[in-house]
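2 protein chains.
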Amino acid sequence: MKKINFKEKMSKFSDHWSPKVIAELNDYQFKLVKIEGDFVWHRHEDTDEAFIVIEGDMWIDFENDAVHLAEGEMCIVPKGVQHRPRSSNECKIMLVEPRGVINTGESAGELTASNDVWI
Amino acid sequence: MKKINFKEKMSKFSDHWSPKVIAELNDYQFKLVKIEGDFVWHRHEDTDEAFIVIEGDMWIDFENDAVHLAEGEMCIVPKGVQHRPRSSNECKIMLVEPRGVINTGESAGELTASNDVWI
Chain A
695 MKKINFKEKM SKFSDHWSPK VIAELNDYQF KLVKIEGDFV WHRHEDTDEA
745 FIVIEGDMWI DFENDAVHLA EGEMCIVPKG VQHRPRSSNE CKIMLVEPRG
795 VINTGESAGE LTASNDVWI
Chain B
695 MKKINFKEKM SKFSDHWSPK VIAELNDYQF KLVKIEGDFV WHRHEDTDEA
745 FIVIEGDMWI DFENDAVHLA EGEMCIVPKG VQHRPRSSNE CKIMLVEPRG
795 VINTGESAGE LTASNDVWI
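Protein chains in written order, with this note's numbering: chain A, 695 to 813; chain B, 695 to 813.
Among the hints, a few may not be true.
It does not matter which identical chain is used: a pair holds within one copy or between any two.
[Claimed, not checked] 20 Å max Cα-Cα, derived SDA-like pairs, lysine to any residue:
#1 K697 to S712
#2 K714 to E749
#3 K714 to W812
#4 K701 to L805
#5 K786 to E739
#6 K696 to G750
#7 K773 to E702
#8 K786 to G766
#9 K701 to E767
#10 K773 to D721
#11 K701 to D732
#12 K696 to W753
#13 K696 to E718
#14 K697 to G750
FYI, nobody ran anything at the bench for these hints, they're computed from the structure. Quantities reported herein were computed from a predicted structural model and do not represent experimental measurements.
Given the sequences, and given the hints that come with them, work out the whole structure.
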């Protein structure tokens with residue numbers, strides 16, 4: 695049995711928009727991501743997605759709404775819902791979602807990251 | 695869309711060992727719990743369980759091991775593995791696990807809590 699320390703894991707990478715897996719729970723993964731700037735609008739047709747802010751603050755834009763998240767706050771993006779994460783300064787977050795989810799959903803492009811990159 | 699603030703949710707209850715649901719992700723739940731003292735030894739035959747410390751520190755005892763978790767740390771307890779959470783002082787944690795998991799696993803007793811209590 696081993697514990698996972700968010701700060702220690704965050705120190706292991708510096709790239710943005712590229713989720714790193716830190717734990718698996720059944721067929722779900724916990725992933726750390728550093729974000730800065732605007733991501734692409736996208737949706738995940740088959741799954742909800744959890745955003746948890748570890749450090750900093752961010753916005754998630756929705757078609758008719760926007761949610762601001764600071765440290766110690768989380769939001770569930772329901773499946774099929776268009777959203778755009780963004781942050782003017784670097785923000786460190788944790789995602790929880792099923793194994794195999796593509797970060798850009800149906801909007802594949804240069805921000806599409808590799809899956810199953812463990813740190 | 696709404697955000698969930700851990701501190702605000704933690705202020706809504708004071709009992710120990712009684713998980714409160716704050717969010718659902720597909721068929722998984724995020725639950726806040728305040729713990730103090732020793733829980734019962736138990737296991738969950740059908741699922742892994744994630745412990746994330748929000749405030750304070752705690753131990754999870756295993757049959758031949760023990761893991762200490764402080765704020766900003768997490769641990770996955772694999773399915774079928776006997777464990778006993780404990781904390782000498784109050785500790786505030788978040789659990790992530792499938793909907794319907796009984797907090798005491800196969801060790802039903804006075805610490806068995808109701809499920810699906812939302813705050």
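Results for each hint:
1. K697 to S712: Neither, since 23 Å and 23 Å both go past 20 Å.
2. K714 to E749: within (16 Å within a copy, 24 Å between copies)
3. K714 to W812: within (5 Å within a copy, 31 Å between copies)
4. K701 to L805: neither (24 Å within a copy, 33 Å between copies)
5. K786 to E739: Neither. Shortest intra-copy (25 Å) and inter-copy (34 Å) distances fail the 20 Å Cα cut-off.
6. K696 to G750: between (27 Å within a copy, 18 Å between copies)
7. K773 to E702: neither (31 Å within a copy, 26 Å between copies)
8. K786 to G766: Both: 11 Å inside a chain and 13 Å across chains, each within 20 Å.
9. K701 to E767: both (17 Å within a copy, 9 Å between copies)
10. K773 to D721: Classified as both: same-chain Cα gap 17 Å, cross-chain 12 Å, threshold 20 Å.
11. K701 to D732: neither (24 Å within a copy, 28 Å between copies)
12. K696 to W753: Cα proximity of K696 and W753: across copies only (12 Å, versus 32 Å in one copy).
13. K696 to E718: Classified as within: same-chain Cα gap 13 Å, cross-chain 26 Å, threshold 20 Å.
14. K697 to G750: Close across copies (15 Å), not inside one copy (23 Å); limit 20 Å.
The structure shown violates the earlier hints numbered 1, 4, 5, 7, 11.
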